[in-house]
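Note that the protein sequences, when read in sequence, are chains A and B. UniProt numbering numbers the first residue of the first sequence as 1 and each following residue consecutively. UniProt numbering numbers the first residue of the second sequence as 1 and each following residue consecutively.
It should be emphasised that the hints constitute simulated quantities derived from the structure, not laboratory data. Treat the hints with caution; some may be incorrect.
As the list claims (entries may be wrong) - Subject to a maximum C-alpha distance of 35 Å in a straight line, what follows is the list of computed DSBU-like cross-link-like pairs (lysine-lysine): (1) Lys52/B <-> Lys104/A; (2) Lys104/A <-> Lys34/B; (3) Lys144/B <-> Lys202/A; (4) Lys140/B <-> Lys150/A; (5) Lys150/A <-> Lys143/B; (6) Lys157/B <-> Lys92/A; (7) Lys42/B <-> Lys92/A; (8) Lys72/B <-> Lys150/A; (9) Lys34/B <-> Lys263/A; (10) Lys144/B <-> Lys111/A; (11) Lys157/B <-> Lys111/A; (12) Lys253/A <-> Lys140/B; (13) Lys42/B <-> Lys202/A; (14) Lys260/A <-> Lys140/B; (15) Lys93/A <-> Lys218/B; (16) Lys253/A <-> Lys148/A; (17) Lys211/A <-> Lys144/B; (18) Lys93/A <-> Lys152/B; (19) Lys150/A <-> Lys144/B; (20) Lys157/B <-> Lys104/A; (21) Lys93/A <-> Lys140/B; (22) Lys111/A <-> Lys140/B; (23) Lys104/A <-> Lys42/B; (24) Lys150/A <-> Lys162/B; (25) Lys93/A <-> Lys42/B; (26) Lys57/A <-> Lys157/B; (27) Lys42/B <-> Lys148/A.
Only a predicted model underlies this, so the values are computations on that prediction, with no experimental measurement involved.
What follows is the residue order along each chain.
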Amino acid sequence: MLQTPESRGLPVPQAEGEKDGGHDGETRAPTASQERPKEELGAGREEGAAEPALTRKGARALAVKALARRRAYRRLNRTVAELVQFLLVKDKKKSPITRSEMVKYVIGDLKALFPDIIARAAEHLRYVFGFELKQFDRKHHTYILINKLKPLEEEEEEDLGGDGPRLGLLMMILGLIYMRGNSAREAQVWEMLRRLGMQPSKYHFLFGYPKRLIMEDFVQQRYLSYRRVPHTSPPEYEFSWGPRSNLEISKMKVLGFVAKLHKKEPQHWPVQYREALADEADRARAKARAEASMRARASARAGIHLW
Amino acid sequence: MQSSTKRMGVMTDVHRRFLQLLMTHGVLEEWDVKRLQRHCYKVHDRNATVDKLEDFINNINSVLESLYIEIKRGVTEDDGRPIYALVNLATTSVSKMATDFAENELDLFRKALELIIDSETGFASSTNILNLVDQLKGKKMKKKEAEQVLQKFVQNKWLIEKEGEFTLHGRAILEMEQYIRETYPDAVKTCNICHSLLIQGQSCETCGIRMHLPCVAKYFQSNAEPRCPHCNDYWPHEIPEVFDPEKERESGISKPNKKPLRSRQR
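For reference, chain A alone in the conformation it holds in the complex (with noise of 0.2 Å):
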């Protein structure tokens, strides 16, 4: 099953690129017949062994205990493997993860050592991937990865890619609605997306299949909303901003990036310029009612703290 080497064990904590030379990954050999790879039952006599059982009988004993505690501590190094990753896919998804998640899927009867576990886990995430592992909530045993790593520029995060290409074709959509009096045809999409050299049904490499992306991807997502046009016989569907474009990004911003594209200023559009002055002021506006309202409640709460 496991097809890796298990002699390197898990680097101990603190003392990172260093490894333990033992057998199986085992720190200490506390006696001297367990530094020698022999394991066959009847080992017999060990030389130099300071063990006062040397018969026959002891030192199988002393083999088959020696057996179980490798094979224990091989069961918890793959435990703390597994849990890294657990807390990896789930961080993926944004939620936090709670102790009984943990234990549930990954430790199991090793639950009493989850303190232990959890520990060596954290040091993995920090040393290898950069990620802290933060309790969020001590009451419900919840936690969270706090990304260690230094936060990117705006334009070192586009050339990291990640979401960047496919959030930048979403841009190109956002645009193409907001210029058309924000609602655009479908066909109007699929067109675009021509013009940029996709087909809406053909495997692309960064997006892979545009069309997915777009109907379903942002459309699920609550980027983009998708309605039928009505009183259209054959139906014909539109696109326009759905919730989520609307609070994380503004007629502005997406007026700019058009401008960009098209190197003019976004006061080449004076329809588009105005609606989105108003959108300026009715956003400016929404954000001080909100933050009054929070600076109230958070006078009036008992100091809890998140983090």
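Dock chain B against the given chain A, drawing on the hints supplied.
Relative to chain A, chain B alone:
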């Protein structure tokens, strides 16, 4: 035995950022991986010389070993593009998916996987998969819902869809090859050339051996009379072109095809 001569690598923020981003994507093509590597250096260690990709990845893998994961390199079955993914070394079934999907969804994947492995072409039709919806473990799933779940698999790069049929994404093959070979030892097909798991490929009509399309391309490259390596009979299929990264980028869009690409010049 005791100490191994290979030293465990050292992680810096360059490597950590690289790992984080590779994990975000799930799977990446080689040109994208190189680009990513360069940018990680640019962000975290501007003046350092960029390691050769192979060394860079080997360094990281030596650190990942104790976590039973590694960055694995593979090749897409349809046109031989090199891809990289972070995979589990311990075969615990569909482990990476297990935390992302519900029990019935995982079972749907398993059913699709079985159909794909059993099929002659490496593709399972949407209809055939959906017909198994009643047999799923866990919460009852309607066909409409199952269609969405299949799309989720496509989005997360576990399956590829072409014209209503599904096959395994390169990522799934990278991640699950060992699990598949252990779970379906009789049904599994392997490539006569590289001996890896084969889902899509060409087969000899006489003796039945199979080869991956990129393996066919390499093996028969500039061979005027391609013959089966096993039974020496004439190889009846179109020989695809060997993947050339320079050419790929110019055209801009990948062209995945069930059949091999262009016919050879004679």
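Right, here's what the structure says about each hint:
1. Lys52/B <-> Lys104/A: violated (42 Å)
2. Lys104/A <-> Lys34/B: Given that 35 Å is the threshold and the Cα spacing comes to 39 Å, the pair is violated.
3. Lys144/B <-> Lys202/A: holds (23 Å)
4. Lys140/B <-> Lys150/A: violated (45 Å)
5. Lys150/A <-> Lys143/B: violated (46 Å)
6. Lys157/B <-> Lys92/A: holds (15 Å)
7. Lys42/B <-> Lys92/A: The hint holds at about 25 Å.
8. Lys72/B <-> Lys150/A: holds (27 Å)
9. Lys34/B <-> Lys263/A: holds (31 Å)
10. Lys144/B <-> Lys111/A: Answer violated: Lys144/B to Lys111/A is near 40 Å, above 35 Å.
11. Lys157/B <-> Lys111/A: holds (34 Å)
12. Lys253/A <-> Lys140/B: This hinted pair is violated, its Cα atoms lying about 45 Å apart.
13. Lys42/B <-> Lys202/A: With Cα atoms ~33 Å apart, Lys42/B and Lys202/A stay inside 35 Å; holds.
14. Lys260/A <-> Lys140/B: violated (51 Å)
15. Lys93/A <-> Lys218/B: violated (41 Å)
16. Lys253/A <-> Lys148/A: With a Cα-Cα distance of about 29 Å, the restraint between Lys253/A and Lys148/A holds, given a limit of 35 Å.
17. Lys211/A <-> Lys144/B: This hinted pair holds, its Cα atoms lying about 19 Å apart.
18. Lys93/A <-> Lys152/B: Between Lys93/A and Lys152/B the Cα gap is close to 14 Å, so the pair holds against 35 Å.
19. Lys150/A <-> Lys144/B: violated (44 Å)
20. Lys157/B <-> Lys104/A: holds (27 Å)
21. Lys93/A <-> Lys140/B: holds (24 Å)
22. Lys111/A <-> Lys140/B: holds (32 Å)
23. Lys104/A <-> Lys42/B: violated (41 Å)
24. Lys150/A <-> Lys162/B: Violated - the C-alpha atoms of Lys162/B and Lys150/A are around 41 Å apart, more than 35 Å.
25. Lys93/A <-> Lys42/B: Holds, at roughly 28 Å.
26. Lys57/A <-> Lys157/B: violated (56 Å)
27. Lys42/B <-> Lys148/A: holds (18 Å)
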